[in-house]
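J.: If you want the building blocks of each chain, they are given just below.
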Amino acid sequence: AQSVTQPDIHITVSEGASLELRCNYSYGATPYLFWYVQSPGQGLQLLLKYFSGDTLVQGIKGFEAEFKRSQSSFNLRKPSVHWSDAAEYFCAVASSLFTGGFKTIFGAGTRLFVKA
Amino acid sequence: GAVVSQHPSWVICKSGTSVKIECRSLDFQATTMFWYRQFPKQSLMLMATSNEGSKATYEQGVEKDKFLINHASLTLSTLTVTSAHPEDSSFYICSAPKTGGNTEAFFGQGTRLTVV
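Chains as they are written, first to last, in my numbering: chain A, 1 to 116; chain B, 1001 to 1116.
Only chain A is shown next, with the shape it has when bound in the complex (with noise of 0.2 Å):
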């Protein structure tokens, strides 16, 4: 069964800081891969999405995110953190599902938290 690994319970950083979150991930075949950021009180927003092709995704707001198989890593990153960055951030794996579409599970998440 997959199953997502986020190390890091809560980082915090600097703003104008790089930031990076860990990810890893158990699957068994070719993984389906996101990141969710969650606001206080808030749904889930999607800022990228992993499903072939380039292992370097780009996604919304400055974060992007590089895929590692050999290390089954998919970490997030930014180059400068900004203060309205601060919230929960998800990693999650998809397995599809033969009607289409995925089955999204999800890691227990880090809180980041952006210090002036």
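Hints may be right or wrong, so weigh each one.
[Claimed, not checked] Partial list, computed: chain A residues near chain B (C-beta under 8 Å):
#: 1; residue: F34
#: 2; residue: T104
#: 3; residue: F106
#: 4; residue: G109
[Unchecked claim] Straight-line alpha carbon distances no greater than 27 Å define the calculated DSSO-like cross-link-like pairs of lysine-lysine that follow:
#: 5; chain 1: A; residue 1: K61; chain 2: B; residue 2: K1041
#: 6; chain 1: A; residue 1: K115; chain 2: A; residue 2: K61
#: 7; chain 1: A; residue 1: K103; chain 2: B; residue 2: K1041
The hints are simulated quantities; they were obtained by calculation from the structure and are not laboratory data.
Please read all numbers here as calculations on a predicted model, not as lab measurements.
Ideal Cβ placement from N, Cα and C applies to all residues, glycine included.
Use these hints to put chain B onto chain A, whose structure you have.
T.: Chain B in isolation, oriented as in the chain A frame:
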């Protein structure tokens, strides 16, 4: 783009009563929908898979008699929390992959349930 509407966005109910949460795919058909529960400061845990025209599939540890799921049409799934108790207070989120589509699942905005 594809939209999933979840209603209500928040609800407060008395202990022992039942609450129904609706999840609608607005502009696409969803043979399958998923229900997640998120406790404060925790990840989204998959509760059950809702299948149009057939019984839902529940994850281990989820009481099917307590969390009744009905997927009567290709655009609507409902989750009913029966005989709710304070420990059922949580954030419930549905998601719907587009049937026949090769995209990520789309998430509702979530329902904040508070049982008093």
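J.: Please go over all the hints and tell whether each is borne out by the structure.
T.: We went through each hint and held it up to the structure:
Using the Cβ-Cβ criterion of 8 Å, the hint placing F34 of chain A at the interface with chain B is satisfied: the shortest such distance is roughly 6 Å. With 8 Å as the threshold, the beta carbon of T104 of chain A comes within range of chain B, its nearest partner Cβ sitting at about 5 Å, so the hint holds. A distance limit of 8 Å between C-beta atoms decides the matter here; for F106 of chain A the minimum to chain B is near 5 Å, and the interface restraint holds. For G109 of chain A, the interface hint holds, the least distance from its beta-carbon to any beta-carbon of chain B being 5 Å, beneath 8 Å.
Restraint check: the Cα-Cα separation between K61 of chain A and K1041 of chain B comes to about 23 Å, which is no more than 27 Å; the hinted pair holds. With a CA separation close to 19 Å, the supplied pair K115 of chain A and K61 of chain A stays within the 27 Å bound. Between K103 of chain A and K1041 of chain B the CA atoms are separated by roughly 22 Å; this keeps the pair inside 27 Å, and the hint holds.
Going down the numbered hints, you'll see the structure goes against none, and every one checks out.
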